[in-house]
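Chemist: Letter by letter, the chains look like this.
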Amino acid sequence: MAAANPVIGLLLLVLLVIAVVLIVLALRHRLAFRIGMRNVRRARSRTILLILGLLVATTIVSGSLVVGDTITQVEVHYTVLGVGLNDEIIGNESPSGAYTPFAYSVFTDINATHGHDPSIAGMAPEVVSRVSVFDRTSGIPQPGLYLIGVNANQSSQLGDFVADNGSVVVGPGPGAIFLDDLAASELGASAGDHVLLYGVSATPVPAVVQAVVQDNLRGAFPTGGVGNYGSVITDLATAQRLQNLSGAINVISVTNVGDQANRLALAPSVSATLNTTLATLPAARGLTVQQVLVNGLAAADSAGSSVETLFLVLGLFSIAAGAMLIVGIFVLLTEERKGEMGVLRAVGLQGRELVYSFLFEGAAYAAGAAAAGTFLGVGVGYGLTYAFSIFEKVPGLPANAFLESFTVTPESLVTAYVVGFVLTIATIVVASRRASRLNIVRAIRDIPEPPPALRTYTYLAFVGVAALLLGTLLLLRTYSGTSDESYPILGGAMMILGLALIASRFVRNRLAFSAAGAALLVWAGDGSLHTSLLGTAHGGGIFIVFTEGITMVAGALLLYAFNAPALAAGLLRAAGGRNQRAPVARVALTYPARRPARTTISLSIFALVVFTLVAIAGVGATVDASLGTTLQQQSGGYTFLAYSNTEVPDLPGLIAGNTTLAPYISTVVPFDHAGVYVNVSGYAGNPYSDDLYAAPANAPPSSNFYTTNQYTFTATENGLSGAQVFDELASMPDVAIVDQSYAAVSNNLGTGSSGAHPHVSPGGTMLLTNPATGNRTTVTVLGIMTQSLVSGVFVSPSTATALGVNETTRFLISAAAGADVTTAANLLKAAFFSLGLVVINIANLLATSIASTEGVIGLLQIFVGLGLAVGIAAMGIVALRAVVERRREIGMIRANGFTQGMVLRAFFLEYSFVTLVGIAIGTGLGLLIVWNLTQSPAATSVGVTTFTVPWLNLAIILVLAYGLSMLAVAEPSLRAARMPPAEAVRPTE
Amino acid sequence: MAGPVVVGKDVWKVYGSGETQVTALRGINVTIAESEMVAVMGASGCGKTTFLNCFSGLDDVTRGEILLDGQDLHQMDDRAKSEYRARRVGFVFQAYNLLPVLTATENVEMPLLISGVAGREARERSRAMLTDLGLGERLDRKPAELSGGQQQRVSLARALVGHPAIVWADEPTGNLDEEDSHAVTQLLRQLNQRYHQTIVVVTHDPNVAASCDRTVRMRDGQFVS
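Chains as they are written, first to last, in our numbering: chain A, 1 to 989; chain B, 1001 to 1225.
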């Protein structure tokens, strides 16, 4: 998804400002510039390694943006194809999505007024509905197909129908139909097949398949999602006959002139003009103009943004790891060059000149790394798109849809480059400040830095006070209400860190920061603490995972950094023994334990990346393992959800009378159904279109909703039990229950959709309006159901009567115990095909949804797994540096009797320790956040409650992270082991 | 006089090849007796450190034979040589070469642990040795927290704690001021006399040489006196 142009402008301005500042500094500090550039050219292989380490953050940003671009393009592409040339639609769409019929004369009048409008290419009267088709040639029935009735003579204005072979086809004429690719696939149909069409009319209409046409046709309608089985195109008269719409239509399709951009631009003015005319036509009462193309493209953009956000937020952990790597690299560079920097300072170079030399050097790396990362991100984006095209099967989209729509916008490239460059250089500026504090004598003589003076702690205490105040302010302003839960969590974390900084002025660092680490872990890791302190009204999305994750990882790292010697001592005791293990273990474990700052940087990289990988894997495994619970919660114990567009007055009776089918079915619950408008106090989007259901009150046990359902509630009025709620729903007027989407709970897995759906609490009220009758009534909500599969409002029978809802078109059906579900579904479809009954197997529907989720989870893991490259690069760089830095120490232990093998083992053990502790922190916290998720109301509401450890994924993550890290340190470790001791012990390098 | 600890026969060491070839040792013949304290002196580049490296087993020789305790050092593989160094050889270097992340005691323990001494015993012996060398108050300090003279004493303790057959010291006073230098020299001599410890000191410092039993001088890779 491309960022908005003003943002691009701002980013470019930032880049320009940085460039100008660097040029001015370079001109004013030429010596520093020269030193910086010489350092870049100093060791080509190391420069390449540095750039590889630095480019990861840019790669992740770039990859996220490219994936967003592509998803947007897919959506745009198929929106355009789906919409066809229907730029505007004139109609009256009910809340359930059906179009209300109106007189054909409206089209005649509109066409008379606007037929010659220079902005309008043409208009077509249409009938758009649903139809069942039986292909007599293939023998396959398919209910629920879209029916599009349109005259054949509209092609000159509205474009042509195009067959799969690319040829233009004219029609359809009387007695002929077109099928789009999806419908043809569902029916196993091809041109020439004889079919029977079943509409509202009691008599089926025979027809011949004239052609199978592409779905980019003028008669196409926005389709997709569950229940889309493709479209059937007939001539207008046939459609009218099928739907009993003699002399009536239900849609007028309008096409603007020009190309897509022009048509988009004209949409608002054309809509306004048409609305004005409609207002003057009595027969057009209730009709409005929908800007189909405009709305479709906006939805496409939104879909792309959501995916982009998901990838970007989860990529933030890897970006943070990349930033830690940059800090680590520059800390090492500063230490490596300490001696020469001391000499430079001794001969008169200012401290800030050293910082500038690092800045210039870093800018060169940043410029190269951002460019390389941007283009590598494009490659990553293509790889993910390729994976999408293989693993993601989206209903209504061909398999190659993603790959064919692979898109990289210049805006995304610019954004990735600027963000990557700025992130890198900002980190470098912070990291290189260390050089300015260099003590000349200590640097030249390679004397270790002394512990910080009391003045440093006083300064830190002031920083702590500021953090405490800011954190308190943030927490107080956000702890109640519905704000994103990330804010109060962040506020609390700032308070804890602030207190630790203040305490470090008065008590030992270990005590202050260990306590802070533990407090951060508890604060971010204890989900029940959030619930009890912050309540459940907070909103938020995927960003909460980032906030909690970063806070917990920070807490664990503080605990490690200030307790590493104790941990190492424990491990050394465990190593013990008389053999060679003890000295090898001592050398290996003492370095990471007693140089915790450097080790913590490496640890943090692994912890951050592994945390994300494990959390994603854990969510996947938990969702998968929770299928049984989810199915139970979502299905209410029923097997099938069935619907028809025409009334089926006595389906229970019809099934009971069918001797073949009856043994397969135990329960059939009929619902009166209509699309209604819902008004909830405080909801900005009123009225909200939703489905309304009402089951008969005194039905026999085999079709009684109130006694057969196993639905549960997440909240009820006055704590009523489920049975009490259903008792009251069956008998009392003006009461309702609603599906889970009405609940105001935080959703840790969403991408933030606050405001998209009205929320209501038990005891609250909502105004329901049936647009078909104009009747309205206010109902009290008795409970919020756990399920959201059958979304909408369930009202008492008397309320439905009051609203004038009396068409029985929806059904919940249970298969008999032991009956084959697939056979039962097929028998149901066959028996009631002529009634247009669409039967959905609830278990299959959920399994498909979960499989799709698993596909996305897999892709996210691959994407986030790129961050492992950061950890591996870090290990390699740290090990390379260690060989140089510890040359004499290696020589000494060799002189004291260490064999080459012992040196090698010591190096591997040291880096194994760092890698494994990082992996352990990431794994533990990743699993903790998944466990928290299973306890959250959002997860409970969808039945994701079976916490599951993804053992296979964990094993893969461990093997990859550990194995590749060991490969990265292998060469430096071998070099250390093979170092001739006589050379190593010499005082000069 | 006691038997020889080190015997070198026609020992040559050549670095590089062709035009860059440098002959660092030219047919060295030497015998160092048990309990002897020998100084090796000579101008920079004369081959002193090469002599120490080759005769201590840190480096290989090009030709010749070096017997330590009667064993030909350069017939040993890396493992055997490492084990020999751990059990029978101690080193003292100009730059101390202490492991900065370990305490004084832990540094001294290291050769004992490598040679298989149990942890508790290694700790006790290391503490005793450091106390004996006047560092009883600095047992748990890290090198950065010690003065140069104290670090060199830790280095001496590390070299001596395993009661090696021979201690090789490469410019042990090179980094020290006059006072510390004198103290370390005295200490070396005392240890030599108290423990009958064989010590070979490569040095530029005539005061160090003066405290030794004998001094050999090198020039162009050969002993000249």
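Please note: incorrect hints may appear among the correct ones.
As the list claims (entries may be wrong) - Estimated spans, in silico, between C-beta atoms of each pair:
1) 455/A <-> 1034/B: 55 to 61 Å
2) 456/A <-> 1196/B: 38 to 44 Å
3) 1196/B <-> 41/A: 56 to 62 Å
4) 1131/B <-> 433/A: 23 to 29 Å
5) 1214/B <-> 455/A: 55 to 61 Å
6) 570/A <-> 1141/B: 38 to 44 Å
Since the hints were made in silico from the structure, they are not lab data.
Glycine included, every Cβ here is placed at the ideal spot set by N, Cα and C.
Chemist: Decide, hint by hint, whether the structure agrees.
Modeler: Now for the hints, and whether the structure bears them out:
1. The supplied range of 55 to 61 Å is met by residue 455/A and residue 1034/B, whose beta-carbon atoms lie about 57 Å from each other.
2. At roughly 52 Å, the beta-carbon separation of residue 456/A and residue 1196/B lies outside the given 38 to 44 Å, and the hint is violated.
3. The given range of 56 to 62 Å is respected by residue 1196/B and residue 41/A, whose C-beta atoms sit roughly 58 Å from each other.
4. Checked against the hint of 23 to 29 Å, the C-beta distance between residue 1131/B and residue 433/A comes to roughly 44 Å, which is inconsistent with it.
5. Evaluation of the 55 to 61 Å hint for residue 1214/B and residue 455/A yields a pass: the beta carbon distance comes to about 56 Å.
6. A hinted range of 38 to 44 Å is violated for the C-beta pair residue 570/A and residue 1141/B, which are about 23 Å apart.
Hint check: violations occur at hints 2, 4 and 6; the rest are consistent with the structure.
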